[in-house]
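Note that the protein sequences, when read in sequence, are chains G and D.
Numbering of the first sequence is given in our numbering, commencing with residue 1 and proceeding in unit increments.
Numbering of the second sequence is given in our numbering, commencing with residue 1001 and proceeding in unit increments.
Don't read these hints as lab results, they were simulated from the structure.
The reader is advised that the hints may include incorrect statements.
PhoX-like, lysine-lysine: derived pairs with alpha carbons at most 25 Å apart [as the list claims (entries may be wrong)]:
1. D:K1212 to G:K73
2. G:K158 to G:K169
3. D:K1212 to G:K212
4. G:K82 to D:K1225
5. G:K350 to D:K1085
6. G:K169 to D:K1215
7. G:K367 to G:K357
8. G:K215 to D:K1300
9. G:K72 to D:K1300
10. G:K72 to D:K1305
11. D:K1073 to G:K300
12. D:K1082 to G:K300
13. G:K350 to D:K1357
14. D:K1284 to G:K212
15. D:K1169 to G:K212
16. G:K169 to D:K1169
17. G:K169 to D:K1073
18. G:K183 to D:K1169
19. G:K158 to D:K1212
20. D:K1212 to G:K183
21. D:K1350 to G:K212
22. G:K85 to D:K1357
23. D:K1072 to G:K300
24. G:K85 to D:K1169
25. G:K305 to D:K1072
26. G:K158 to D:K1073
27. D:K1085 to G:K357
28. D:K1085 to G:K189
29. D:K1082 to D:K1072
30. G:K158 to D:K1158
31. D:K1169 to G:K82
32. D:K1072 to G:K158
33. G:K169 to D:K1082
34. D:K1225 to G:K225
35. G:K350 to D:K1082
36. D:K1072 to G:K72
37. G:K212 to D:K1072
Protein chains: 2
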Amino acid sequence: MTVKTMNESEEIIEKLKTIGKDTLKEINDGKSPSLNIIQRSLNNVYFDKETGLIMLGDKQQKRTYFNINQAKKFMQTLLVTKQIKWILEQNQPALSTRQLYYTLKHSIPGTRENTFDDQQTESDPIIEDVEVMVDALREQLKLIATPNGVIAGALTVKESTGETLDYSKMGSAGGAIPPIVEKGAFEFKSCTADFVLVVEKYAVWNLLNQQKYWKNANCILMTGKGQPARSERRLLHRLSHDLKLPVYIFTDLDPWGYYIYSVYKQGSINLAFFSEKAGCPNAKYIGFSTKDVTDYEIPKSAHIKLNDLDLKRIKEISGYDWFKKPEWQKELSNLKKLGVKVEQDALVAKSIEFTAKEYLPNKLEEKDFLN
Amino acid sequence: MTVKTMNESEEIIEKLKTIGKDTLKEINDGKSPSLNIIQRSLNNVYFDKETGLIMLGDKQQKRTYFNINQAKKFMQTLLVTKQIKWILEQNQPALSTRQLYYTLKHSIPGTRENTFDDQQTESDPIIEDVEVMVDALREQLKLIATPNGVIAGALTVKESTGETLDYSKMGSAGGAIPPIVEKGAFEFKSCTADFVLVVEKYAVWNLLNQQKYWKNANCILMTGKGQPARSERRLLHRLSHDLKLPVYIFTDLDPWGYYIYSVYKQGSINLAFFSEKAGCPNAKYIGFSTKDVTDYEIPKSAHIKLNDLDLKRIKEISGYDWFKKPEWQKELSNLKKLGVKVEQDALVAKSIEFTAKEYLPNKLEEKDFLN
C-alpha cells in the first residue's frame, strides 16, 4: 500500500483555500473580514549574521475589508489568491506577472472602477504579499520573470515535461536557464562538476566556454549577464544548497561588481523574502580584486579611472551591513585608494588565455578569495 | 583527387593580407599610403525597393596616413585589420568588440599617446569599416555581440565544435541562440518545420512554448526578447534565405512593435551593411494589427491609451521609406484613430489559450498578414 502524500502544489492550494475559508467564516460570523500580511517595508528587513542572508522580519499588518483605504487592496488580494489557486488547480501554464495582471483586470459591473489599473503599483506588490502568506516563491505559484542567463558543465536535469537536458552538450550557446528551476519542474539528475563559477559578463562566459574552461576545470560555468534575474539566483542557490557545490563569483573590479556578488550571496533588500530562498551564503568572491591588479601586473591600458558615480557607490556599499566584515571594508578602501577600476573583459589585455590558463587556476589553487 | 578550395576564413585572410600588401607597396613606391573606405553615413544609406532591404551605397572616402586628421585613424584601421588577421590565422576564440578593443589598446612607445582611448567612438566604427572592406560580417571576423534570444522547433544544427543541437528537445527554456550562427560554425542539418514564428516578448514565447504551440503548428518558435540583437536577426535570415521558410513576425500593437518587425524584415539604417545580410524581405506581419482589435473583440481592459511618445513615433515611422506602402500607411493612420495600443501579453485577457488556439491559427489560415 502506498501512502499518498501531498505534493508541493497541493500544499499551496490548501493554504490558499484556507485564506478563503477564513475570510468566509469571518463574514458568516458578522465580522469585518481581514488578512494578516507580513510587512515588506524596509523596517521589517534585516541582515541576519547567523545565516548570512538578508531576511524578512515578522511584523504584520492587517488588511481589512471595512476600511475605505484598504477595501480595494483587500479585494485585489483575494482576486490574486483566487487566480493563483485556479492556475495551480487547473494546471494552467505559468504566466508572467504582467499576464496575470491582464487576466485579472476588468471593470467591476455596475461601477466605473476597474479591479486593477496598474501592474507595478497594484498587482505586483500583492503577488509578493501572497508569496509570503503561503510561504512559497512566485515560481511555485507559476508566475515567472524573464531569465537571461546561460550555463555549461557536467550537469544533467530532468524536467517535469519529460525532457532530459545535458548542459555539457549545449554547444557554443550554452544552455538557456529556464524561468522556473524549482524542484519537481527541474530535477537535478546527475552532476559530476566540482564547483560553480559565475561570471558577470556574457563576453567572458563566451570566451571561457570556447576555451572549454568548464571542462578542464570540471565546473559549471554560469553567467547572469550582469545583474542576475530571479531564476539565475534561484538556480545558483539550488546548486549550492541541494548539490553542496562550492560557488565562486567573478565580476568586474568596481562597486557594481561587488554588489552583484552580494546579491548572489546575501540577496537584496527589496526582495528580502526571495533572498532567503535564493541566497548562497557560502559563495566566495574570486575576483577581480584590488590586490589582483598588482599581483597579476594588469597593464595600465586596462585601468579606468573611478568616476563620481563609482565613488558614491563605494561609499554606499561600505555602509551596508553585509559589507561590514573587515576584509570587505579593506577591499572597498583599497579600491578608493587605487583610484581605478578594471573590467573582467579587460583581462585579454594580458593575453587571450590569461583568465582561463593563469588567473582562475591560480586563484583557485591558492584559495585566494574574499568572503 | 580532391581539389582544395579556399574556405571562407582563408578568403577573408587573403583580403586582409591584400590591404597590408597594397599599403606596403604604396610606402615602397614613395606614395602616401591610403585606404578606400565605403562611407557608412546616412547619405550613403538607402532603401532599395527591388530587394526590399535597407542598403549601403558605394560612396567611398580615402583615409590617408599623411594627413594630420586621418593619421591616427589610419593607424587604428591597420591595427584592427592586423588583429583580425591574427585571430583568424591563429584560430583564436571569438571576442566581443570590447575585448578586441582591450587587446589593441596600449601606449605608443616614445609618446604619450594610446593606440585607442575609447571603444565606441574609435574601435567599433573601424570594425564596421573593416566588415565592409572585406565584405564579411563581424561574426565571420570572429567578433561577437551578446545574443538574447531563444528558439524551439523541429530544427537540428551541427556546430563546428562537433555538437549536434536539437531544438525540439530543449525543454522549458528553449535553445539559447549562440553569438555566431554563420555557415561552417553553425550548419543546418535537418528541419521539418513549415515556418518560423517570431514573437516580440519572452512572456508570450514562454506561454506558447508551454502550450507546445510550435509542435502543434509545426513551426520554429523564436523570440529576440524585444528589439533583436545581431545573431537573432542573422539566424532568422538564414532560416528564411537558406531553408526557404516563411517568416511571420508577431509583436505588440504599437509603433515600437511595427518597428521591430521592420528591423527583422528590412534592417536598420545604422547597421545598413548588416541589414543586407540579416534582413528577411519576405517576412510578414501577423499582428497584432488594428483590425484584430475589433475582429477578435479585444476587451477594453487590454487597451492602453496612446501617449505622446507613441504618437511621435507613429509620425516618424510613417515617414520611413519602407513604411510607405499603402497598407502600412493605412495601418499607421488606423492606429492613430484607434487611440489605443495593445500588448501581445494582454491577449490572455481573452483567455490563456486564445493566442495559441484561436488567434494564431485563424490568422495563418486566413493569410491575414500585413506585408
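Hints, one by one, checked against the model:
| no. | hint | result |
| --- | --- | --- |
| 1 | D:K1212 to G:K73 | 36 Å, violated |
| 2 | G:K158 to G:K169 | 15 Å, holds |
| 3 | D:K1212 to G:K212 | 33 Å, violated |
| 4 | G:K82 to D:K1225 | 30 Å, violated |
| 5 | G:K350 to D:K1085 | 19 Å, holds |
| 6 | G:K169 to D:K1215 | 23 Å, holds |
| 7 | G:K367 to G:K357 | 16 Å, holds |
| 8 | G:K215 to D:K1300 | 54 Å, violated |
| 9 | G:K72 to D:K1300 | 20 Å, holds |
| 10 | G:K72 to D:K1305 | 23 Å, holds |
| 11 | D:K1073 to G:K300 | 22 Å, holds |
| 12 | D:K1082 to G:K300 | 22 Å, holds |
| 13 | G:K350 to D:K1357 | 55 Å, violated |
| 14 | D:K1284 to G:K212 | 40 Å, violated |
| 15 | D:K1169 to G:K212 | 23 Å, holds |
| 16 | G:K169 to D:K1169 | 12 Å, holds |
| 17 | G:K169 to D:K1073 | 43 Å, violated |
| 18 | G:K183 to D:K1169 | 20 Å, holds |
| 19 | G:K158 to D:K1212 | 18 Å, holds |
| 20 | D:K1212 to G:K183 | 22 Å, holds |
| 21 | D:K1350 to G:K212 | 47 Å, violated |
| 22 | G:K85 to D:K1357 | 23 Å, holds |
| 23 | D:K1072 to G:K300 | 20 Å, holds |
| 24 | G:K85 to D:K1169 | 30 Å, violated |
| 25 | G:K305 to D:K1072 | 23 Å, holds |
| 26 | G:K158 to D:K1073 | 54 Å, violated |
| 27 | D:K1085 to G:K357 | 23 Å, holds |
| 28 | D:K1085 to G:K189 | 44 Å, violated |
| 29 | D:K1082 to D:K1072 | 15 Å, holds |
| 30 | G:K158 to D:K1158 | 23 Å, holds |
| 31 | D:K1169 to G:K82 | 34 Å, violated |
| 32 | D:K1072 to G:K158 | 56 Å, violated |
| 33 | G:K169 to D:K1082 | 34 Å, violated |
| 34 | D:K1225 to G:K225 | 14 Å, holds |
| 35 | G:K350 to D:K1082 | 18 Å, holds |
| 36 | D:K1072 to G:K72 | 65 Å, violated |
| 37 | G:K212 to D:K1072 | 37 Å, violated |
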